[in-house]
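Trainee: Sequence:
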Amino acid sequence: MASASSSTLNDIDLDALIQSLPACKRCRECRRGCDTLLPKCRQCTKAGVSCVYWDHGRKDYIERSYIAGLVDYVRRLHGENLPSPAMETPQSMSTVSSATAQADSDTYSHPHHEHHFASAGDSYRYLGAESCLVKSPRLQPAMVSTDNVDDEDWRVVYSEPPISNHELVRYYLAIIQPLYPILDPSLRFLAPDLPPDLSHAELFCLYMIYSIACHFYPGTSPCYTPDGKLSFHHAKFYRYRIMGEGYFKEAMKYLEASTVEPTIPTLRAVLLLAINSLFEPKSGNIGQQVALATRLALSLEKQDLGPEDAAMIHNMHLTIFSIENEIASTLDRPATFPEPDCEMSFSESKPAEYLCSLYRLQHRFRKGDTATKKLLPCFDDRTTLDRLPGLRLALHQTHLLLNPCWGSAWHVLEAVVAKGSVHVFLTPHWVFRAGTVLLNSMDSILEGNILQLYSNALVVLNLSSGKWPSAATLAASLGDLMTQMKMKYRPTWENTLRKGDVTI
Numbered sequence: 001m002a003s004a005s006s007s008t009l010n011d012i013d014l015d016a017l018i019q020s021l022p023a024c025k026r027c028r029e030c031r032r033g034c035d036t037l038l039p040k041c042r043q044c045t046k047a048g049v050s051c052v053y054w055d056h057g058r059k060d061y062i063e064r065s066y067i068a069g070l071v072d073y074v075r076r077l078h079g080e081n082l083p084s085p086a087m088e089t090p091q092s093m094s095t096v097s098s099a100t101a102q103a104d105s106d107t108y109s110h111p112h113h114e115h116h117f118a119s120a121g122d123s124y125r126y127l128g129a130e131s132c133l134v135k136s137p138r139l140q141p142a143m144v145s146t147d148n149v150d151d152e153d154w155r156v157v158y159s160e161p162p163i164s165n166h167e168l169v170r171y172y173l174a175i176i177q178p179l180y181p182i183l184d185p186s187l188r189f190l191a192p193d194l195p196p197d198l199s200h201a202e203l204f205c206l207y208m209i210y211s212i213a214c215h216f217y218p219g220t221s222p223c224y225t226p227d228g229k230l231s232f233h234h235a236k237f238y239r240y241r242i243m244g245e246g247y248f249k250e251a252m253k254y255l256e257a258s259t260v261e262p263t264i265p266t267l268r269a270v271l272l273l274a275i276n277s278l279f280e281p282k283s284g285n286i287g288q289q290v291a292l293a294t295r296l297a298l299s300l301e302k303q304d305l306g307p308e309d310a311a312m313i314h315n316m317h318l319t320i321f322s323i324e325n326e327i328a329s330t331l332d333r334p335a336t337f338p339e340p341d342c343e344m345s346f347s348e349s350k351p352a353e354y355l356c357s358l359y360r361l362q363h364r365f366r367k368g369d370t371a372t373k374k375l376l377p378c379f380d381d382r383t384t385l386d387r388l389p390g391l392r393l394a395l396h397q398t399h400l401l402l403n404p405c406w407g408s409a410w411h412v413l414e415a416v417v418a419k420g421s422v423h424v425f426l427t428p429h430w431v432f433r434a435g436t437v438l439l440n441s442m443d444s445i446l447e448g449n450i451l452q453l454y455s456n457a458l459v460v461l462n463l464s465s466g467k468w469p470s471a472a473t474l475a476a477s478l479g480d481l482m483t484q485m486k487m488k489y490r491p492t493w494e495n496t497l498r499k500g501d502v503t504i
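So the sequence shown is numbered by full-length UniProt numbering: it starts at 1 and just counts up by one.
None of these hints come from the bench; they were simulated from the model.
You may find that some hints are simply not true.
Here are the simulated SDA-like pairs of lysine to any residue, each with C-alpha atoms no more than 20 Å apart in a straight line [stated by the list, open to error]:
#: 1; residue 1: Lys373; residue 2: Pro404
#: 2; residue 1: Lys46; residue 2: Lys282
#: 3; residue 1: Lys249; residue 2: Lys467
Label pairs and their computed distance ranges (CB to CB) [said to hold, decoys possible]:
#: 4; residue 1: Asn440; residue 2: Gln303; range: 31 to 39 Å
#: 5; residue 1: Ile242; residue 2: Glu301; range: 36 to 44 Å
#: 6; residue 1: Glu63; residue 2: Thr492; range: 58 to 66 Å
#: 7; residue 1: Val49; residue 2: Leu446; range: 53 to 61 Å
#: 8; residue 1: Val260; residue 2: Cys342; range: 28 to 36 Å
Treat the numbers as computed from the prediction; the structure is a model and nothing was measured.
Ideal Cβ positions, reconstructed from N, Cα and C, are used throughout, including at glycine.
Please work from the sequences and hints to get the whole structure.
Mentor: Here is the structure:
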């Protein structure tokens, strides 16, 4: 019986079954497309109502949360029947359920993966087995609050006049546009003096640019100092985050008018939503946004386009591939969007192609092609990529993925605090990954380097915790690992090194 049960479980294609779920009652009545998210579809989650569908067998309405429970149960049974799982996960992790699946590849053989589904925002999000949040020993996220920010810090931050709207546009064009070139610089809503007759689609793009710039401006502005008071930085990030949320709400008023037809402006609108989700993941489901952008781009590429439109679609293809694989490499997810139909380029004069080429290497490496290591550019010496610190950080993250040694970790933890470095919600995961590699090599690193790099990691994780609470979990886990490694190696400098608030 046990072998028969195991065989039955292995034959079940849960993903196919979930995809065949019928549309829910609310989406049918509203005549809207319904997804297959569990325990609620996106529309019901936004509306804050129960997500139910008609079960023809029971002749009654069934809640999708019931299906989510069944899926978790089946995955749990599947995990128990596996003879040698790729990685064990703590049994007490109630919000994460796991299963394993073997993926096929056209070119390379995939490694054995476990799949994890973590409850987040009344829905389930996919995490791969190598995701930092799955591997972190701290399973419960630490509580993060802005209530502990000093009154003096609030007074100083709010006494400064906010940045002007056009300055936000200028920062976006200087920092985001080179890596994700989805805007035509000649667009009239990018000018300092706005015309009075902007269309709804133009207003949507403009407010989205404002929103995105608000999320990274505090960390890249000239007055930003990484060694300043943490509470002051929390206050400044919080102020501009609230501003960004306000601009995002304004943009949402024009979303429908911006996405009526399958055109390049519609694809631009979807990509702006995805870029915004890199900074504010709760503002939307970035996986669905990338999937929609994928379908639009593939459809538009089949059309007979003029030279300018073809060039823009090419740039958008680069952007989609980069964003999807940035998420895939960090959270250990599969990526399906095809590589651009062009040669890889590591020219500093073409930062978008450089960035996309890095993610092409990551994508191939995750599929099992170890030969990609030979194509990887050398570490940056802080001169050639100094004007684009985001590209520099991506280069060093690629080195860490392809060659996880303490030298790669050193470069990541140095680049992440460089002037102008832009952090997205995925950045803390790479900091944690680099920190674990560093601490596991503690016995071969000078104590001064350990102190500096470990301090860098904690500062970034603690600063990020005000925006993304999971970063506090990773910071606590890194602290636990430091304690374990000191017990293992018993270094002579134990509890004698100090930098700022960090003592090791």
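Trainee: Each hint should be assessed against the structure and marked as holding or not.
Mentor: Comparing the hints with the structure gives:
no. : hint                        : in the structure
1   : Lys373 x Pro404             : 12 Å, holds
2   : Lys46 x Lys282              : 11 Å, holds
3   : Lys249 x Lys467             : 18 Å, holds
4   : Asn440 x Gln303: 31 to 39 Å : 51 Å, violated
5   : Ile242 x Glu301: 36 to 44 Å : 39 Å, holds
6   : Glu63 x Thr492: 58 to 66 Å  : 60 Å, holds
7   : Val49 x Leu446: 53 to 61 Å  : 58 Å, holds
8   : Val260 x Cys342: 28 to 36 Å : 31 Å, holds
Hint 4 from the list above is the single one not met by this structure.
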